[in-house]
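Put together the whole structure using the sequences plus the hints.
This is what each chain is made of:
2 protein chains.
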Amino acid sequence: MKNKRIIVIGGSAAGPKAASRARRLDENAEIIMIQKASDMSMASCGYPYYVGGFFDDRDQLLCSPAGVIRDSKFFWNAKKIVTHVNTEVTSINRKAKKVEYENLLTGEKGTLEYDKLIIATGAVPRKPQIPGADLDGITTLQSLSDADYLRKVGEEGKIKKAVVIGGGLIGIETMEALNLAGIEITLIELLPQLLTFLDKHLARLIEKYIQTKANVILRNGVASFLGENGKLKAVKLNDGTEIPCDLAVVAIGVIPNSKLAKDAGLEISPTGGIVVNGYMQTSDPDIYAVGDCVEIPNLITQKPVHAPFGDLANLQGRVAGENVILGNVAKYPGTIQTGVCKVFDYGVGSTGLSEQNAIKLGFNNIETVVNTSLDKPGFMKGQLLITKLVVDKSSGLILGAQVIGPGDVSKQLAIWAIAIKGKFTVEDMVNADLPYAPPFSLAIDHSIATAHIMQNKLRGLFKGISSEELKNKLNNKEPIHLIDVRNPNEFEQMRLGIGEKLIPLGQLRSRINELPEDKNTEIVVWCKISLRGYEASLVIKANGYKNVKVLEGGIMAWPWSREK
Amino acid sequence: MKNKRIIVIGGSAAGPKAASRARRLDENAEIIMIQKASDMSMASCGYPYYVGGFFDDRDQLLCSPAGVIRDSKFFWNAKKIVTHVNTEVTSINRKAKKVEYENLLTGEKGTLEYDKLIIATGAVPRKPQIPGADLDGITTLQSLSDADYLRKVGEEGKIKKAVVIGGGLIGIETMEALNLAGIEITLIELLPQLLTFLDKHLARLIEKYIQTKANVILRNGVASFLGENGKLKAVKLNDGTEIPCDLAVVAIGVIPNSKLAKDAGLEISPTGGIVVNGYMQTSDPDIYAVGDCVEIPNLITQKPVHAPFGDLANLQGRVAGENVILGNVAKYPGTIQTGVCKVFDYGVGSTGLSEQNAIKLGFNNIETVVNTSLDKPGFMKGQLLITKLVVDKSSGLILGAQVIGPGDVSKQLAIWAIAIKGKFTVEDMVNADLPYAPPFSLAIDHSIATAHIMQNKLRGLFKGISSEELKNKLNNKEPIHLIDVRNPNEFEQMRLGIGEKLIPLGQLRSRINELPEDKNTEIVVWCKISLRGYEASLVIKANGYKNVKVLEGGIMAWPWSREK
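So the protein sequences, as listed, match chains A and B. Be aware that the first sequence starts at 362, since it is given in my numbering, and climbs by one per residue. Be aware that the second sequence starts at 362, since it is given in my numbering, and climbs by one per residue.
Note that these hints are calculated values from the structure, not bench results. Treat each hint with caution, since some may be false.
Heads up, the list lumps identical chains together, so a pair's fine if it works in one copy or across two of them.
[Claimed, not checked] In silico EDC-like links for lysine to aspartate or glutamate, alpha-carbon gap of 20 angstroms or less:
| # | residue 1 | residue 2 |
| --- | --- | --- |
| 1 | 742 | 420 |
| 2 | 569 | 706 |
| 3 | 363 | 879 |
| 4 | 441 | 387 |
| 5 | 458 | 476 |
| 6 | 907 | 387 |
| 7 | 824 | 388 |
| 8 | 592 | 924 |
| 9 | 742 | 706 |
| 10 | 742 | 418 |
| 11 | 832 | 645 |
| 12 | 692 | 789 |
| 13 | 902 | 387 |
| 14 | 592 | 545 |
| 15 | 902 | 391 |
Given the structure is predicted, the values throughout are model-derived calculations rather than measurements.
Pasting the structure below:
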């Protein structure tokens, strides 16, 4: 029997994973991987940290955990995989089951037959179609050569000012990297918020934090790049503002690199991703596709999404690598679009649906809550966490969680990600049994406390108001009675200063007569994080007040400026 | 209508939580909490860290997050809860629905009627019934006064040598605390291993690590305490060894403090815990019990267990506090016995069943695997994690996970804890969607990679051998062909030295003729963590060898001494 030949197009993440998995399942298959770039298996998610100086040895981006560069020799010796680098597949002939390729350095062309083909062509950065886009000093942070360029910029120290265009994950990571390299950054975002996987409230908190490190401009796009002698000198925004800079990094998103698949007549989704089934198989049963070039189902909505995450690319590669060898035995179920990024000392992430996305997708019966607390006890140097939880109001099914803060964000996200995958309701989380010891968490873990508040809210015990709702009411000059229930010394150190009265929780019962006589008055109470605020709201309600709300997340989750 | 009176016996963790929850649900109930000690709501899990000098302000053990000491004034002002400290409830008259109490300072006695009673009397440390047990210098680390005593010992610096008796959670935490206070420690454990929630293999790895900081003596108990002038001078072990010391901390476990409940005729389990139903209700419908004095169901086995964890005490308190006010509406489902502790730079923990416990409980069709990897990329200063996963062989249902190492152990445990609660199978974890970015995790998270290996093992692709099995085979002088497949420089730096031959993976295919001719020869391969070992095993198998195994977890999980 002739050995099966597997051709993998793309050698970054999903491709090598698919090729390696295929090899492990069949020592005799002929496996050939064709990579357009000169490097393979690059740790591309690590580029911002190389640029930002978290480590200096560039080889670490290209090495196996044992410290061997993953080049053609490595792939052949360790995995018996033939690799062609600097080589582009120019067309797929599905009828003849052949690919045509061209070596980009030598111009040499060739043809290879396949039994099974795996397309892992990744995504390409969106590029702004505006004047000056070809000036020197404009880049993306997508390839290793981009990373090399930006690292050199940082090391040389000549460039003092840069503009990062795009406030998504890559834009934010690039902003941090260049800031750490000592460059003054302006971050530009066309939308009214950064990081659109977050709801506005949390995005605003991150924006506030980033503003301590960089200039942030929202609701403004780039109209043109201005230059002198072919070199970038400034960025001109839609509103006419000119921002002098010697460097601009464009990070306005990526689109599936599906041209090759499209030209071959494979089914492509309206938004450009290659259409695959659960086996990662395209509309041609002998061709699979994986990674940033495909669309996969969102597990909550079952609608296809483009989810260009490195971890998912690897998992999909594993599935396709298995199926090309064993037939369709492995299924990739889909994503809940879990993502996280580091922003200086903060972690920022989301899993499942945000409120904004849920509403956009037609969920019309959701409940949300914001919880603020430390991640572990203060005496163990606990750090702040802010979580926004989104659930289905009738069933209590958990739909999504966003977590930000200097605390242990990634653990919180992992907890919610598994809970969402497991179709947990709030009730399932309320008595979860998580690892507790003071060096690692609070006695009632932040995630469980969040579920408690949500449970109280669903049952009508906790009536919350979001920062945004309160702000709107204040802007509309609605008559609200505002009460801060912290201690006087806390009030002296920090306060919102939006017209609130201080009544410490411990005095509230004896000072209840200081509240408005009209029991229908809208009353909003808070404390630092709103645990005391919650207790206060119950005391006030028990005294006959009918419209008492707790400011969710307390002062720590207030995203606008404070009096002090 | 007369207000309901709730009496809570016990003011440490579960009691205050129950009282506070009751208050939040009924502003008018009369709530009285009776506490034997002088302090309330102590962060008792924080004692070892106070002793070990992680923080210096003792008040932090007693303060609310807002910095207010949780004394009687606090409970009254903030929560309208009456508290009696230094007061012991001496009996419960169930017929008359009364408790009798005595103030331990003044001798004053009294009686209080209740509508609902909550027993939260906690646990008491086991004490060795051996000669010399009343000498000065012998203590436990159970109460705040114990913590004060040990903290003073550390600050005074007079005591140079101490013995910690008991290698469980508290013993290990105490050992660390006293070591950090500059005291030379000997840790004594009667059983053949430390930390019995771990399987032997992982316990042995922890023992090896602790031995770099303290002397560890296993399989030996304390026969007597030896003293001079009423002061401890040495500990005499069962085998006659005398260990000079001025301090001994006894940490041989705790037993439910259920005497009061027993005397009142409430149902008590054979092992001494108060029997409660899912509502945390005892055999008397007007009496609830919560925390370390009760037994609760293990969610996997449905068998009752004593699980004295601070987080569970709080959750149970919340349930009972709700039920005494609203009737039986809240249920506490039970525990999967998730636990974690810090041991110097290591985290150590378990959730669900260990292999040993599963076997003891009659599970006779389980599969296990050990996975070793970094928690995040090496270039982001990733640290080692070692996980042992236990699953049901036929269904793939996840039964338990143990995780140790300097890496992010608590996140891994949280992931497995939620997965076990969600009744995940290995297949559910294989494509989990966890938060990935290089500062937080590997592209394929350690937990997912563990599931991958288990999936491969269940399908017969990965044939593993545990360190213990291999060690036994070596001891029995079974003829095994041993191969280390790392690079020569790695082999020079570190190796097991148990008779293995070095054949780097990259050379294996061309050197396959160096393997024994007999294709039935038992071959065991490994690398540092056994990813390359796995690949090597597949290459060897593909060459016709029928008995090829991978050393699970590789060199990093080898719990015995190495050649280098």
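Status of the hints after comparison with the structure:
1. Proximity of residue 742 and residue 420 under a CA criterion of 20 angstroms is satisfied inter-copy only: 15 angstroms between copies versus 35 angstroms inside one chain copy.
2. Taking identical chains as interchangeable, the C-alpha atoms of residue 569 and residue 706 lie at most 20 angstroms apart only when both belong to the same chain, with a minimum of 13 angstroms there against 34 angstroms between chains.
3. Proximity of residue 363 to residue 879 under the C-alpha cut-off of 20 angstroms is found in neither arrangement, the shortest distances being 88 angstroms within a copy and 27 angstroms between copies.
4. When the C-alpha separation of residue 441 and residue 387 is checked against a cutoff of 20 angstroms, the pair qualifies only within one copy, where the shortest distance is 11 angstroms, while the shortest distance between copies is 71 angstroms.
5. In this assembly of identical chains, the alpha carbons of residue 458 and residue 476 lie at most 20 angstroms apart only when taken from the same copy (7 angstroms versus 81 angstroms across copies).
6. When the C-alpha separation of residue 907 and residue 387 is checked against a cutoff of 20 angstroms, the pair qualifies only between copies, where the shortest distance is 16 angstroms, while the shortest distance within a copy is 70 angstroms.
7. Only between protomers do residue 824 and residue 388 lie at most 20 angstroms apart by alpha-carbon distance; the minimum there is 16 angstroms, versus 62 angstroms within a single protomer.
8. Within a single copy, residue 592 and residue 924 get their C-alpha atoms no closer than 44 angstroms, and across copies no closer than 60 angstroms, so neither meets the 20 angstroms cut-off.
9. For the homomeric pair residue 742 and residue 706, the shortest alpha-carbon distances inside one copy (14 angstroms) and between copies (16 angstroms) are both at most 20 angstroms.
10. When the C-alpha separation of residue 742 and residue 418 is checked against a cutoff of 20 angstroms, the pair qualifies only between copies, where the shortest distance is 13 angstroms, while the shortest distance within a copy is 32 angstroms.
11. In this homomeric assembly, residue 832 and residue 645 never come within 20 angstroms of each other (Cα to Cα): the closest approach is 54 angstroms inside a single copy and 51 angstroms across copies.
12. Only between protomers do residue 692 and residue 789 lie at most 20 angstroms apart by alpha-carbon distance; the minimum there is 11 angstroms, versus 27 angstroms within a single protomer.
13. Taking identical chains as interchangeable, the C-alpha atoms of residue 902 and residue 387 lie at most 20 angstroms apart only when they sit on different chains, with a minimum of 11 angstroms there against 69 angstroms within one chain.
14. Taking CA atoms no more than 20 angstroms apart as the test, residue 592 paired with residue 545 passes inside one copy only; the shortest distance there is 18 angstroms, against 66 angstroms between copies.
15. In this assembly of identical chains, residue 902 and residue 391 lie within 20 angstroms of each other by CA distance solely across copies; the values are 18 angstroms between and 73 angstroms within a copy.
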